[in-house]
Amino acid sequence: MRRLYLQFYLTIVAILVIAVVAVGALWRLADTSRFDDAVEVVSDFATSMLPPPDAPLGAQQATLERLHERLRADLGLYGPDGALLAHVGRPLPPFRPDRAGPGFVPGPGGPAWLLRLNDGRWLLTRLPQRPWRPGGWLLVVLAAVAGAVAVGAYPVARRLTRRLERLRSGVEQLGRGDLAARVSVEGRDEVAGLAESFNRAASRIEDLVRSHKMLLANCSHELRTPLTRINLALSLAGETIEPEKRAQLKADIAELDQLIDELLLASRLDAVGAPERTEDVDLLALAAEEGARYDANVTGEPVAARGDPALLRRMIRNLLDNARRHGGGEAQVCVGRAGDRSASIDVRDHGPGIPEAECERIFQPFYRRAGSAESGRGFGLGLALVRQIARSHGGDAECIAADGGGSRFRIVLPAIASSLHGRP
Amino acid sequence: MTARILLIEDDQRLADMVADYLGQAEFRVATAATARDGEQRLKRETFDAVVLDLMLPDADGLDVCRRVRQTSDVPILMLTARGDAMDRVVGLEIGADDYLPKPFEPRELLARLRAILRRKSAPPAHDVRRFGRLEIDRGARQVRLDGEERGLTSYQFALLDALANHAGRVMSRDALMDLLKGEAFEAFDRSVDVHISRIRAAIEDNPKKPRRILTVRGAGYVFAREQDR
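Going down the list, the sequences are from chains P and V.
1 is the number of the first residue of the first sequence in the numbering used here; add one for each residue after it.
1 is the number of the first residue of the second sequence in the numbering used here; add one for each residue after it.
If you're looking for bench data, these hints aren't it; they were derived computationally from the structure.
Some clues are possibly wrong.
16 angstroms max Cα-Cα, derived EDC-like pairs, lysine to aspartate or glutamate [said to hold, decoys possible]: (1) P:K250 x P:E239; (2) P:K213 x P:D261; (3) V:K120 x V:D48; (4) P:K250 x V:E108; (5) P:K213 x P:E262; (6) V:K209 x P:E330; (7) P:K250 x V:E105; (8) V:K209 x P:D295; (9) V:K181 x V:E204; (10) V:K181 x V:D205; (11) P:K213 x V:D60; (12) V:K208 x P:E262.
Generate the whole structure from the sequences, applying the supplied hints.
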């Protein structure tokens with residue numbers, strides 16, 4: 001298995017090898033050894049020709065001048081303490097005898113070779129022309145090496161990151177709800193391993209969701225078949241049941257049916273997330289239709305939203321249903337625009353209202369109001385579904401506290417500029 | 001003449017009850033518990049209509065419906081459950097004539113069954129749109145509720161048709177007037193509101209509490225998309 005770190009490591013080793021080879025080549029190219037030799041030869045030559053340290057300064061100066069004529073080198077002779085004894089040619093760079101050893105001394109006219117003679121004197125030699133310009137060559141070669149390394153490393157890094165990017169887009173696709181999202185597995189390293197793990201996880205999620213959906217579909221059907229039998233039996237029982245009792249039983253069946261419906265819808269929305277079928281929906285018209293069922297007073301201006309018409313209908317119906325159960329009196333529905341890009345649906349009733357402390361909790365599934373005398377009836381799933389549907393459409397539902405003045409629910413959805421309300 | 005119905009339903013007790021009930025209503029009912037059995041009987045015998053359960057032990061009701069439709073144009077009423085993957089659109093697309101969600105009222109089953117049988121015996125109608133119990137027959141320029149013709153003037157029919165064309169949208173009076181420009185006015189009455197109340201009197205169960213054509217104060221009228229549900 002080719003590991004990722006190995007790839008990195010090999011890349012670095014390759015870079016090093018290239019660098020070493022390049023530097024070696026540089027040294028050869030510059031031919032520094034010959035230059036060093038020349039300087040040393042000149043220095044040795046000068047040493048052998050120089051008169052002893054106790055000779056007069058004039059003799060020493062004369063020797064240097066003879067050398068200068070032949071070699072055209074700049075020469076300086078210094079005492080052991082660094083004091084200048086004799087000098088020819090251009091000025092030489094200063095040096096500190098207490099710190100210096102044999103070697104190059106940098107200076108404005110170019111580096112000079114410093115040599116300590118056996119008698120303690122110092123000889124500073126600078127050849128007339130520097131055949132070597134390390135700056136220029138070094139720059140060119142290093143740039144070439146860097147370029148080569150960059151060119152060589154680019155495809156490696158690119159390939160690696162491109163695979164990671166593909167993996168990321170696969171993960172995002174899955175996150176958006178496309179459970180069929182898979183990524184291609186390339187190579188045999190960690191990234192490929194990760195891609196494989198992702199694919200395994202994705203197919204597992206897909207299986208789970210599919211079986212969940214199957215379960216829901218079967219549940220719905222299996223629960224409703226006996227319910228249908230009960231309903232039929234009740235309808236067919238004829239006059240043997242008092243009308244009042246029959247009505248109660250019918251209401252119970254309807255409630256159970258609704259509960260099954262809401263449970264299934266809630267889990268379906270959980271599993272699916274965004275609505276599957278969407279179209280432009282005229283919210284005012286929808287509110288008017290549902291309002292007619294519940295004898296609610298509907299007003300407002302036409303505004304459209306994009307969404308699943310059945311779910312949006314359900315959302316409004318649940319609010320009206322809630323208003324009827326917990327409010328009483330004629331509910332008020334007002335549809336309009338909230339800002340530039342939002343549509344709002346307000347539903348008010350004339351019930352006791354909902355205190356602020358309960359405004360959030362009322363959206364919890366099966367929430368029951370504490371100490372409520374309302375015939376022990378909870379809110380069921382209705383309001384939880386309202387919020388779930390609103391959110392799955394990119395909006396939200398909230399309860400606005402009102403003391404004694406009836407409860408007020410507000411749904412905000414993204415509005416669309418629709419052709420629905422233009423002149424057809 | 002009594003109609004012969006084939007009921008394909010795997011729940012034996014429910015099948016018996018439905019058969020009993022439909023029997024009382026003078027239908028002759030044969031039952032099949034599996035898709036296989038049902039399809040075989042359909043090949044051997046003639047039925048006037050099929051009541052098909054969506055979930056059968058050996059097949060998906062949708063597939064059965066599709067297969068039957070390939071060889072026969074017998075009316076099919078599908079029994080579904082709300083919240084199923086199946087819904088009205090899918091069911092009707094694959095060729096079912098109507099669908100009824102469980103748990104249903106027996107009376108409703110009877111009404112739907114009669115409606116699809118009636119449609120089958122009627123001469124093939126083109127350009128008929130159904131909204132629950134309401135039928136708008138644009139070919140004959142007729143409106144029927146439960147199969148019974150309701151009298152509308154030509155202008156009122158045009159108005160109803162325009163509303164139904166935009167079902168589920170709020171239509172302002174101006175927009176409606178625009179749509180009806182080509183129609184000959186009826187001299188005695190030019191107000192849309194008056195025509196609407198005439199139409200309501202004809203097609204609403206309770207014109208005081210309309211369910212099909214709704215008024216939205218200050219905005220206009222809506223023709224309800226979902227009726228009788």
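Going straight from one Cα to the other, do K181 (chain V) and E204 (chain V) come out at no more than 16 angstroms? 26 angstroms, violated
With the threshold set at 16 angstroms, check whether the alpha-carbon distance from K250 (chain P) to E239 (chain P) stays at or below it. Given that 16 angstroms is the threshold and the Cα spacing comes to 15 angstroms, the pair holds.
Holds or violated: are the alpha carbons of K120 (chain V) and D48 (chain V) at most 16 angstroms from each other? Satisfied, since the Cα-Cα distance of roughly 9 angstroms is no more than 16 angstroms.
Checking one constraint from the list: CA of K250 (chain P) to CA of E108 (chain V), max 16 angstroms. Satisfied? Holds, at about 15 angstroms.
Pair hint outcome, K209 (chain V) versus D295 (chain P) [Cα-Cα no greater than 16 angstroms]: Holds, at roughly 8 angstroms.
Does D205 (chain V) sit within 16 angstroms of K181 (chain V), going by the straight-line distance between their CA atoms? Violated, because 29 angstroms separates the two Cα atoms, which is more than 16 angstroms.
Could you grab the alpha-carbon distance between K213 (chain P) and E262 (chain P) and see if it respects the 16 angstroms cut-off? Holds: K213 (chain P) and E262 (chain P) sit about 15 angstroms apart, inside 16 angstroms.
Pairwise hint evaluation, E262 (chain P) against K208 (chain V), where the allowed Cα distance is 16 angstroms at most: Cα-Cα ~32 angstroms, so violated.
Within a Cα-Cα threshold of 16 angstroms, do K213 (chain P) and D60 (chain V) meet the stated pairing? 15 angstroms, holds
Quickly compare the C-alpha distance for K213 (chain P) and D261 (chain P) to 16 angstroms and report which way the hint goes. 14 angstroms, holds
Does E105 (chain V) lie within 16 angstroms of K250 (chain P) when you go C-alpha to C-alpha? 10 angstroms, holds
Given the hint that K209 (chain V) pairs with E330 (chain P), does the C-alpha gap stay at or below 16 angstroms? 14 angstroms, holds
Violated hints, in rising order: 9, 10, 12; the structure is consistent with all others.
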